[in-house]
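Chains as they are written, first to last, in the working numbering: chain A, 1 to 114; chain B, 1 to 111.
A hint or two may mislead.
Unchecked claim - Facing chain A, a subset of chain B residues (Cβ under 10 Å, in silico): (1) Glu5; (2) Thr27; (3) Ile29; (4) Tyr35; (5) Gly42; (6) Leu43; (7) Leu48; (8) Arg50; (9) Asn52; (10) Ala78; (11) Ala82; (12) Phe88; (13) Cys92; (14) Thr103; (15) Val109.
Hints listed in this document are in silico derivations from the structure and should not be mistaken for laboratory results. Even glycine gets a Cβ: it sits at the ideal position worked out from N, Cα and C.
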Amino acid sequence: ETGVTQTPRHLVMGMTNKKSLKCEQHLGHNAMYWYKQSAKKPLELMFVYSLEERVENNSVPSRFSPECPNSSHLFLHLHTLQPEDSALYLCASSQATAAGSPLHFGNGTRLTVT
Amino acid sequence: SQQGEEDPQALSIQEGENATMNCSYKTSINNLQWYRQNSGRGLVHLILIRSNEREKHSGRLRVTLDTSKKSSSLLITASRAADTASYFCATCQTGANNLFFGTGTRLTVIP
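Bound-form chain B, shown alone (with noise of 0.2 Å):
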């Protein structure tokens, strides 16, 4: 398949902790990106990483890239219960221009 797969499906912690999601892809890429999905709402982009970057940060956000294993993590650090929402990634294929998206996983920060 074309898009991404996020691991885990859903993902539970505590006010403070550390949450981190996977994403494994198949195909090479241009560039990968985050995005979160409040219930009911649309999509907001978070961050990208490019294909020869291996890792960036953005507030309590670090997203780290690894090509050879074809797979990427975001890691929230100090979560709130605010940050309780859908996260998904997204692949932009090597001489494609659209992204492909996985299913997300379902993060809850309970307070």
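Isolated chain A, as found in the complex (with noise of 0.2 Å):
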């Protein structure tokens, strides 16, 4: 509905499990986006990519690992992550050759880090 989905749209995991977010745009934008949403913190940009190669890396721990292997798709692998990375992680996409073209989202997912 939103030209951009996320799943899962809920993930509970456990501090030593590696699991994966995706992500896929349906807009035909080549810039994709990771964001960090935290109560009562402003959005957090984690990563960018434009034209499929990472531009940013807003020196996010090693634990989170992205990878984009077309404009289409973006993924988040998790590893060994920590009750204060529960957060809902969003995902945008833009069209890369404007600078500051809006953004579109999807509905996130809520992680939860036992």
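With the hints as a guide, bring the two chains together.
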């Protein structure tokens, strides 16, 4: 419905688990993003891919590993997370050609780390 | 900080009233955008205003931008219960590509 689809919608994982979040966009965009949304904090930009190349990594811990196999798909691989990593993880896409292009968001994955 | 800051943090009004939310930022910008987020969902882009624009309208939305004061406002006229959501401003800084978001204003419209 939004043009950007995220799965799963909810995920509960232990600190020793490995899981992956998936994002797919059907808008023909060529830039994709991962954001982290925690309560009472600004949206935190984690990773940016433009034309399938990572162009920005805002000092995110290595336990988060992104993958962008093509312009329509984006993954976030999770490994040995901490409880403070519990948050809503949002994927977004945009046209990379113009600075500050509007973002189209998915509905997010609500992650709980136990 | 890079992101905008919305004010107030929360706002509660009666249906039919107007709602005004403000955003302040600290650096020069290319554009400023407003987004809406319903509970548990993703953000939805509402409107974009460029640094050389002062006012923009879209339906019941009116956005103003004052670059001398580094501030913007979002006005929702004739509010409806369905307008209940969180509203975020996002700034694109001059020379940058990415958007930086604030913590949002939580709007509740009481039927």
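Interface restraint verdict for Cys92(B) against chain A (beta-carbon cut-off 10 Å): Holds - the Cβ of Cys92(B) comes within 10 Å of chain A, reaching about 3 Å at its closest.
Restraint check, 10 Å cut-off on beta carbons, for Tyr35(B) near chain A: The hint holds - Tyr35(B) has a Cβ within 10 Å of chain A, the shortest such distance being about 8 Å.
Evaluation of the interface hint that places Leu43(B) against chain A, nearest CB under 10 Å: 5 Å, holds
Glu5(B) as chain A interface residue, shortest Cβ-Cβ below 10 Å: 9 Å, holds
Restraint check, 10 Å cut-off on beta carbons, for Asn52(B) near chain A: With a closest approach of 13 Å, the Asn52(B) hint is violated.
Residue hint Thr27(B), partner chain A, criterion CB-CB below 10 Å: This hint is violated: Thr27(B) lies away from chain A, its Cβ roughly 13 Å from the closest one there, beyond 10 Å.
Hint check: 10 Å Cβ-Cβ cutoff, Leu48(B) to chain A: 6 Å, holds
Closest C-beta approach of Arg50(B) to chain A relative to 10 Å, hint status: At 9 Å from the nearest chain A Cβ, Arg50(B) passes the 10 Å test, so the hint holds.
Proposed interface contact between Phe88(B) and chain A, which counts if any beta carbon pair is under 10 Å: Because about 7 Å separates Phe88(B) from the closest Cβ in chain A, which is inside the 10 Å limit, the hint holds.
Interface hint status, Thr103(B) versus chain A (Cβ within 10 Å): 5 Å, holds
Residue hint Ala78(B), partner chain A, criterion CB-CB below 10 Å: 25 Å, violated
Hint status (Cβ of Gly42(B) to nearest Cβ of chain A, threshold 10 Å): 3 Å, holds
Comparing the model with each earlier hint shows violations of hints 2, 9, 10, 11 and 15; every other hint is respected.
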